[in-house]
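J.: Sequence:
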Amino acid sequence: MMDGPSWCWSCRRNCRGNPNCLVGIGEHVWLGEIDENSFHNIDDPNCERRKKNAFVGLTNLGATCYVNTFLQMWFLNLELRQALYLCSSNEHAVGESIPKDKDYEPQTICEHLQYLFALLQNSKRRYIDPSGFVKALGLDTGQQQDAQEFSKLFMSLLEDTLSKQKNPDVRNIVQKQFCGEYAYVTVCNQCGRESKLVSKFYELELNIQGHKQLTDCITEFLKEEKLEGDNRYFCETCQSKQNATRKIRLLSLPCTLNLQLMRFVFDRQTGHKKKLNTYIGFSELLDMEPFMEQKNGVYVYELSAVLIHRGVSAYSGHYIAHVKDPQTGEWYKFNDEDIEKMEGKKLQLGIEEDLAEPSKSQTRKPKCGKGTHCSRNAYMLVYRLQTREKSLTVEVPAFLQELVERDNCKFEEWCNEMAEMRKQSVARGKIKHEEVKELYQRLPAEAGSPYDFISLEWLQKWLDESTPPKPIDNTACLCSHGKLHPDKICIMKRISEYVADFFYRRYGGGPRLNVKALCKDCVVERCRILRLKNQLNEDYKTVTNLLKITVKGSDGFWVGKASLRSWRQLALEQLNEQDEDAEHSNGKLNGNAPNKDEANEEKREEEEELNFNEDIVCPHGDLCISENERRVVSKEAWKKLKQYFPKAPEFPNNKECCSQCKILEREGEENEALHKMMASEQKTSLQNLFHDKCRPCLGNWPQETDELYIVSQFFVEEWRKFVRRPTRCSPVSSLGNSALLCPHGGLMFTYASMTKEDSKLIALIWPSEWERIQKLFVVDHVIKITRTRAAGEPESALYSSEPQLCPECREGLLCQQQRDLREYTQATIYIHKVVDNKKVMKDAAPELNVSSSEAEEEREENKPEGEQDPDFNQSNGGAKRQKLSHQSYISYQKQGIRRSTRHRKVRGEKALLVSANQTLKELKIQIMHAFSVAPFDQNLSINGKILSDDTATLGSLGVIPESVILLKADEPIADYAAMDDVMQVCMPEEGFKGTGLLGH
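Numbering (full-length UniProt numbering), first residue to last: 1 to 1000.
Just so you know, these hints were derived from the structure itself, not from any lab. Here a beta-carbon is modelled for each residue, glycine too, at the ideal position from N, C-alpha and C. If a hint is listed, it holds; no wrong ones were tucked in.
Within a straight-line C-alpha distance of at most 20 Å, the following computed SDA-like cross-link-like pairs (lysine to any residue) qualify:
#	residue 1	residue 2
1	LYS676	PRO731
2	LYS461	ARG16
3	LYS640	TYR540
4	LYS341	ARG126
5	LYS470	TYR507
6	LYS968	ILE925
7	LYS760	ARG720
8	LYS196	GLU228
9	LYS176	PHE154
10	LYS152	GLN177
11	LYS423	ASP44
Restraint ranges, calculated between C-beta atoms of paired labels, are given here:
#	residue 1	residue 2	range
12	PRO619	PHE714	29 to 37 Å
13	GLU573	ARG13	29 to 37 Å
14	MET262	SER163	24 to 32 Å
15	VAL782	GLU717	18 to 26 Å
Let's have the full structure, built from the sequences with the hints guiding it.
T.: Structural data, given as structure tokens:
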């Protein structure tokens, strides 16, 4: 069949459907010169190697960038580094070597810091992993913490740890480097007595709000405070409270002056922290002499580090550090693994300021002169005392250097291993490259030579270097006869027998599809179907023309109009059925058969679909009586249609309609007339019940009767439907009250509940109406409410029911109703936004929110159930007479007014879909999206109860379907760019609780 192929070599892309086209299947990767890097996916290990004269970075373990910045800054404090190197532990002394057969595991914080600093100094890696240090502190790597708090706590921990060292240079290093002194000085205005309280500090916490320069912040920190009024000072000399002044005096400053800029402040309005994104200017040289109590010292400091927080929120963002190398004077930017050297030994902050997220209230960056900088992201400035002494040279102790060398050896081994793997991958790639080039050249089958079919998908995977090819699987291309299906030729390629032998030998699989694989039977069947399809198009035109001819006499045939509209489609489906059966059998052969349930469902669907001309067959198998659904066609047209549908039901146009259907039609017409007469009679007898007029009310018992009857509201609604449309609805012949009774035959409702929440389930019937109902309907159970008035006390009455209340079943019903209210899913509630200083709309204008009867109902519902009607007592033991007050029910419901239980939305209200098991916090997130009010600005209440527990579920808070929750929004914060951190803000702040920084 295909002995003389025409091979495609000039195509730009693969010719779909042409088994001889072998272009564009992925061969271009192998035919040219290939870059060695394409043979592997292993990165060059030298990229992980530390560059010459470069610093070592630190891996960010998730949200530990704030730790990394401080570690790099402390590492470049040479005095602190040297002291830590001299720190000895209990296990080994300084200079003592560690056994080579034993892995070193630091035990104390000092040991972890020693080892980390030694690696930062002499490691060959581009970056190192600080996870041992972080784990020793017990920090959560996935939670970003307050960097300033971390700095304070760690310095305190380090000082406490080093206090046990014998070497004074080590023991006192934290105090020498970071500790200064100031005094709180209070002066009595009356006697001039000066009280001084000296205190140590490790950093100065400076308020930046309202300031533009660092010096202004320091001035405010030291400014004088007046103690007057209730805040007066008790003077020991005067022995009484006196007006006084208080201020801070700087007594001494440390070598390293840490200035904490208080960017993260507590917002009383929201109850959470926020970031102040205001610019603060600072100089590279800071003269502290004007701020000192004694002016005779050297107090000129030079900037050594700037710690940056990128981001607008206090709960997210990224921490980096700009630190000056004390040995070279060059500035570096430390950003976790990446370290960048600044050009020209200058600090450059401009890029960092541009990276911050913009906000609407963003201020323009002020101009900075030479030697000065300004930042809105700097949260800590570190100044070093200016000195002319030569920078300290710090050597790594021998025992630490030995550990570093061990790590460097491991790194070199890893590099060599990766390089070897790359080398082996390249060697294997080159071999495959040559192999693929040779095989691809021999892939086309020569004319007259043996060949095989193989799937295009498998060939593409073979040429794809990223995925190793699997065994060849041709089963999806087989027909029901186990040969190559002609329709699958389009996804197959014809290759030479030589290459096919190689493929099956190397990769296995099958079955092989050679020269004789194409199924002759399927090809013949396909040709037959194509011929029929071509003939169908011609016959369709012929039948269309024949249908235009009017049929005279009794020579025609009845055909369904729906069948005529779709006969060509039905014929096509019949022609394709045999081919589809072949496809299905092929699927079963290949293990892709649908499951039993799917097959049965498909079978049922096919049975439900009507065949040609079955749309005019009645249920009795005869011609239907409706002439609107059929028309007469000529004999010639019917003959053509019969060729395609030989089993179609045949009805000559002189055929009589189904006699049984005619009888049923007459009976139906008679029944309709009967139903109309029944509906008219029932409507006349029970006119007030039908129109819902002059109905009795339990809350306002009518004076003219002492008995009222109860029926199911469902019965009344179904009966009204029948009376309104007697020809479309079935007549109601019986009255079923069993739904209102429990299995023991007792009533399920109390008198109080029937006046309120259960009133929608029952309908009250006058005694005169009840007599008529008993004549018109079959009644299963009589339910009656009786009023008994005592002699001489006309205002006192007792109400009893027949049958009596079943207390156990009633309580079970209430429990189930409460459970349902607490276990709902996807129910609607309403959020009503309240404007401050205005009455709630619901209270101010109830008519806007609910109907008048609903407003009255709400006032009634404020009373407990037991207080609704003290005079109605249902018990098995009898009834106690109590006083009845009509006034409590007159306001409840007026006669003739139908109550609406559906909540009506008003302006300022939005509906939300919620579930009982979702938390209040999740609801606040929904409200945020609906009203653009942040969760921390939301004050929610329901029925006067404040909703405050964010972790509680809506079901436990009493939020039920159709509830209305009031939302009062606080004034918005200045910068709502922090809205992206709402989820974080809503979580309770744990800080460093439970970590090693607090001694745990």
